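Protein chains in written order, with this note's numbering: chain C, 780 to 1220; chain F, 40 to 218.
Some hints could be false.
Computed footprint of chain C on chain F; a stretch qualifies when at least three of its residues, placed anywhere within it, have a C-beta under 8 Å from a C-beta of chain C [what the hints assert, rightly or not]:
no., segment
1, 73-83
2, 194-208
As a list, the in silico DSS-like pairs of lysine-lysine whose alpha-carbon atoms are at most 27 Å apart [claimed, not checked]:
no., chain 1, residue 1, chain 2, residue 2
3, C, Lys1220, C, Lys1195
4, C, Lys798, C, Lys1064
5, F, Lys90, C, Lys1214
6, F, Lys130, C, Lys1214
Just so you know, the hints here were simulated from the structure itself, not pulled from any lab data. Predicted model, so just to flag it, every value in this text is computed and none were measured. Beta carbons are placed, not taken as given, at the ideal position from N, Cα and C, and that holds for glycine.
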Amino acid sequence: MKGLTYGAVTRDILRPLFKPSAAYLGLLGLCIALLAWGGYCWFVQLENGLGVAGYQPPVFWGVYITTFVFWVGIGHAGTLISAILFLFRSRWRTGIYRAAEAMTIFAVMSAALFPAIHVGRAWNAYWLFPYPNQRQLWQNFKSPLMWDVFAVSTYFTVSTIFFFIGLIPDLAAVRDRTTGVVRKVYDILSLGWRGTDRQWRHYMAAYGFFAAFATPLVLSVHSVVSWDFAMAQTAGWHSTLFPPYFVAGAIFSGCAMVITLLVPMTKIFQWEDYINLWHFEHLAKMCLLTGAILTYAYGVEHYIAYYSDNVYEWGIFEYRALGDYDWVFVTMVLCNCIIPLLWWVPSIRRSYWGLFIVSIFINIGMWFERYNIIASSLAHQFDPASWVYYTPTWVEWGIMLGSFGWFGMWFVMFVKIMPSVAIAEIKELVRPPLKLDEAAK
Amino acid sequence: MIASTPGSITSAYAHLDCLVEGIDRLQRAGFSNLVVTSPTPRHEIEELLYKGRPSPVRWFTLTGALFGGTSGFTVASLTHANWPMIIPAGKPLVSIPAFIVITFEATVLMGCLFTLIGLITMCRLPSFDLQVEVTDPRFSDDHFGLVINGLADTDAAKVRQILRDTGAIDMAGMELAHA
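Please take these sequences and the hints and turn them into a complete structure.
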C-alpha cells in the first residue's frame, strides 16, 4: 500500500462502478440465460413431479443435495476471510474480504434454493421452520436435517448482517460522489452514515462482535451439514471424521472460488494496487493447507474402513474407488489432491494463469467429492438386491447450471453497484495524510 | 465551502496530526462538545474523545446471546414436550446433546441481531437528519471534519484561533458575531 493516498483509494475503488461495458453486459446476459434455463428445468419438474429427476429407489439424494453442499462449502471462505482473519488482524484479508463476503452471501443464496427444489413441493418448504400451527405439529429438533435448517439460515443471516455492516461506510463514500436519485438510493442504503466519532466508536465495537459470532459459524455450519450424512447409518457416511473433513473441504473450495472470481476482476478493473499476487499467494497457501487435510481425510476414511474389518464399510469404499463410480473418484482425487500440488511450485502460485486454472480444477473436484459421497453410498446400500446406478437427468443438470447462473448474476451485478474492495478498511492500512510527511518532503 | 449551524464552528483538516493537535488544544481550552468526522476509524481520535471507555454495544450483545441461547433450548424442549414421542431404550424426551446445536445457533443468531439493534441505536442510525456541517463529501474521502458545538459568542474568536493555529484549512460558523 506504499505510495497510496486516501483520495487515490476512493477514486480507484469506485472507478469501475456504474459504467457497464459491452463485455460486462454480455457476461451478465450469459448468467441470466443460464438462470433462465435452470428456471425452465425447475418448471418442468414442478409440472411433472420429481419423476423427471433421476431418482430411483434407494437413491433419493442426488445432484440437488450435491449442489446444495457444494454451494454451502463455497460460502465458507468469505466468512473465514472476513471474520477469522479480522480477529487475527491479518493484513492480507483487507483487499479481498469484501468480494469474498459477497461470494459467501450469493453462494448461500444459491444453496438455499436446493432444499426447496429437492423436496419437490417447493411451496411447502416453509414447513421446515417452526411456527405456531393449529395441529400443534412441530419439527423434530433431534433430526440433523432440522439442525441444518437452523445452521444454514443462521449462517446466512449473520453473514448478510456482517456484509451489510461492512458496506455502510463505503456506501456513504459512493453517495458522496453521486447525484440525484442515485445519491438518494445510496443515502438510504448507507443509513445516512456520516463517519462521526460516535458512529465509528460503536461501529468498531459492533464489528468485532459480529466477527466473533461469525467465527464459530465458519466451523459449525459445515459440521452440521456433515451430520446430515454422518448421523445416518448408511455405510460410507456414518463417520466421526466427517465434520473436520467437511470443514477443511469447504474452506478449500471457498478459497479456490475466491481465486477464480478475483483473478479476472483484478485484471479487468486494474486493482493490482489493492489485490495482487501477495493476496493470491496467501489464498493458494490456504488451499494447500486445507487440501492436505482433505487428502489426509480421504486416506484415513479408506484406511479406517479397511482396518475396521466391517465388510459393508470396506465394501462401499472399494466400490467408490473401483466400482461404477470410479470415474467420479478419479476426478475427485485428481482435482483435489494431485493438481493443487502444482501450487507448491512458487512460479505457478505466483502467476495469475497458474492460480486461475488450478482453482477451476479445485471447484470441479469439490463438486465431484460431494457427488462421490452421496451417489455411491446411496446406490450401493446394505441390500444388494436394491443396488442401482444413479444417473442424473437433463433436468437435474439444467437446474445445477441454473444455480451457477443465479450465483453469477448476483456477483456480476454486485461488482457494478457496490464497492468490491473495502474503502474504509484499505484506508486503515494506508499511511494517513500527515503534515509531518509534507514537512519532511 | 463547509456549512454550519448556530452556536457551532465547523472546520476541515487535510492532515490527521493537525486534527489531533486541534482536538487536544480545544479540549485543554475547555471545549468538549466536539464532533469529529473521518473517512476511516482512527484510534488517535477515539482515544482523545473517549479516553478508552468501551462502547455500550457489548451489553446488547450479551443480552441477545443469553436470550437466544435460553429461547433456543426452550423452544426445542417445549415442542418435544408438546408432542411426547415414546422413544425406546430410555432415551430422554429433552435431549441436551441433540439440542445443543439449536441452542448454539439461536445464541449466535440472537446475539448478532441484538448487536445490530445496539449498533443502530447507539449510532443513531439512520442518521439522515445529522447537523449539516458533517455532511461534507470530503469527509468520506481524504479530509477530516471537526465541529465545535454549543459555543457562546464570546468563545468564537478563541476557537477560530486554535483551529487556525493547528492547520485547519477551512472554517465556517459564528462569523456574524465577530464580523
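Hints, one by one, checked against the model:
Residues of the segment 73-83 of chain F with a Cβ under 8 Å from some Cβ of chain C number 9, which satisfies the need for three, so the listed coverage holds. For the segment 194-208 of chain F, the assignment as covered by chain C is violated, since 1 residues bring a beta-carbon within under 8 Å of that chain's beta-carbons and 3 are needed. The suggested pairing of Lys1220/C with Lys1195/C is violated, with an alpha-carbon distance near 38 Å, which exceeds 27 Å. Taking the CA atoms of Lys798/C and Lys1064/C, the gap is about 35 Å. The hint is violated against a cut of 27 Å.
The hinted pair formed by Lys90/F and Lys1214/C meets the criterion: a straight-line CA distance of about 24 Å does not exceed 27 Å. The hinted pair formed by Lys130/F and Lys1214/C fails the criterion: a straight-line CA distance of about 71 Å is larger than 27 Å.
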